[in-house]
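Participant: Build out the structure end to end from the sequences listed, making use of the hints.
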Amino acid sequence: MVEKNMNYALKTNNVYVHYGNKMAINNVAIDFPKNEVTSLIGPSGCGKSTFLRCLNRMNDVIDSCKVEGSFIMNDSIDIYSNDMPIESLREKIGMVFQKPNPFPKSIYENVAYGPKIHGIASSQSELDELVKESLHRAGLYEEVKDRLMDVATGLSGGQQQRLCIARAIAIKPEIILMDEPCSALDPIATAKIEELINELKENYTIIIVTHSMSQASRVSSKTAFFHLGNLIEQGDTTKIFTKPDKEQTNDYITGRFG
Amino acid sequence: MNTHTDKNFENRLTIIRDQLSEMSAVVEKQLSLATACIKSKDSDSLETVKKLDLEVDDFEKTIRDDCFEVLTLHQPVASDLRLVFTALKVSKEMERIGDHCRGLSNKAISTKSNLDPEIIDSLSSLGSSVHALTHEVFDSLFKGNEEKAKESWRRDLEIDKLYKSILTTLIDKMEKDDALIESGTQHILIAKSLERIGDHAANIAEEVIFNISGQYQDLEKIKI
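Quick mapping for you: the protein sequence lines, in order, are chains A and B. For the first sequence, the residue numbers in this note's numbering are 1 to 258. For the second sequence, the residue numbers in this note's numbering are 1 to 224.
Keep in mind the hints are simulated off the structure, nothing from the lab. As the structure is a computational prediction, the values presented were derived from the model and not from experiment. Do not rely on the hints blindly, as some may be mistaken.
[To be verified] Quick list of in silico lysine-lysine cross-link-like pairs, DSSO-like style, CA-CA up to 27 Å: (1) Lys89/B with Lys239/A; (2) Lys173/B with Lys41/B; (3) Lys176/B with Lys161/B; (4) Lys143/B with Lys92/B; (5) Lys243/A with Lys176/B; (6) Lys239/A with Lys176/B; (7) Lys34/A with Lys192/A; (8) Lys7/B with Lys243/A.
Facilitator: Take a look at the structure:
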């Protein structure tokens, strides 16, 4: 994926992950270009979600999990450095999960929570504006503007997921990680999220784990294929979906696996 | 390559491949009969070529519909997508070859030749070369042989030269003898049909190369 004159939001190298004695990621190196969408694909258990979770140190909380390798943001920040407080890292790298997980609070509070604890807004009016802007960017504002104080869990699944995206972008991250963000959504809600991903890449670098080949081909410009903890192939999405270099990649994306 | 876990999808792709193979056999038969007509003037052959052309047209429509269904229902990618794309384009080229076979055998039968036997021999030889080229291209398609497809593409350049030389000879003869104009013109059209079949074969070679390599290559820039 290394190309000349390309800016990378995040570069990873020699990444190994072990759960106890079991190797989950075996010497993976992927560079993520700025303001582009990269898809991580592969069968269940291939390590793609484990790898994604390394990128904002979500695996730190798993005792048996050992992460090794280099993770450098913007060519300068080592995200596994002892000098990097986890809160600051999560401010830079946001995450959206498989199932929408809004807090049992109001729509407004869900979005305002992050900016409040990170001290991003200095006044109530600034916070109001930030909530509005985040909801707007997540394509949700028009649908909820008259009920911002309603409880968020009353929204539909697709709206909840867009709320989670609004919550993630409210703290102004540089990178957004998405772990199968549409797997619990219907095709219309999925289409809205995909449209949103396309808009969000103007301002953010997006890394998405997906089981849907068609979603990977629709939303991303780069694709990386994992199998059994190994990175089999990575490259331009068009190349991967028209003429992958490796037969294993071809077999997986065409449904010949197993 | 492994087989698909989705057997229905696997079967549909196999059917497309098989139909393309059967279509190519019919087109070769047409071509063989049509080129033989240049010398034999056998009207039975013309009728067979016409009948076979209806079969070829049906194959083209069936392959088109099957490809459309596979695209709609299975959204193929990578090697499967290239196969469907290739089948669509190659079947169209084959259908055009069939049309030319019908046209040229029709002309060969209906034209009384008062030309030198050497000219007819040259035309017949052009027909044999075109037939051989088409056979090679089909072979490269079904064996997935990129190098053979490239060689075939280059052979079409030789066919173009042969056509031009026949054209020059015929024009020269017609300029010298008005009585040869009608027969000469008809034989120019026969030669032109053969040259066009060569072009369609070369187009198929390009599709074979795409099917294997995943990209259309500028063959004119590749050194011979």
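Participant: Taken at face value, is the distance from the CA of Lys239/A to the CA of Lys89/B at most 27 Å?
Facilitator: Given that 27 Å is the threshold and the Cα spacing comes to 21 Å, the pair holds.
Participant: Within 27 Å, alpha carbon to alpha carbon, are Lys243/A and Lys176/B?
Facilitator: At roughly 57 Å apart (the allowed maximum being 27 Å), Lys176/B and Lys243/A break the hint.
Participant: Would the hint linking Lys239/A and Lys176/B be met if the CA-CA limit is 27 Å?
Facilitator: With a Cα-Cα distance of about 59 Å, the restraint between Lys239/A and Lys176/B is violated, given a limit of 27 Å.
Participant: Is the straight-line distance between the alpha-carbon of Lys173/B and that of Lys41/B 27 Å or less?
Facilitator: holds, 22 Å
Participant: Decide if the proposed pair is consistent with the structure: Lys143/B and Lys92/B, CA atoms, cutoff 27 Å inclusive.
Facilitator: holds, 20 Å
Participant: Measure nothing beyond the straight line between the CA atoms of Lys7/B and Lys243/A; if it is 27 Å or shorter, mark the hint as holding.
Facilitator: The given pair, whose Cα atoms are some 22 Å apart, holds under the 27 Å limit.
Participant: Tell me if the straight-line CA distance from Lys34/A to Lys192/A falls inside 27 Å.
Facilitator: holds, 22 Å
Participant: Holds or violated: Lys176/B and Lys161/B, Cα atoms, limit 27 Å.
Facilitator: Given that 27 Å is the threshold and the Cα spacing comes to 23 Å, the pair holds.
When each numbered hint is compared with the structure, violations occur for hints 5, 6.
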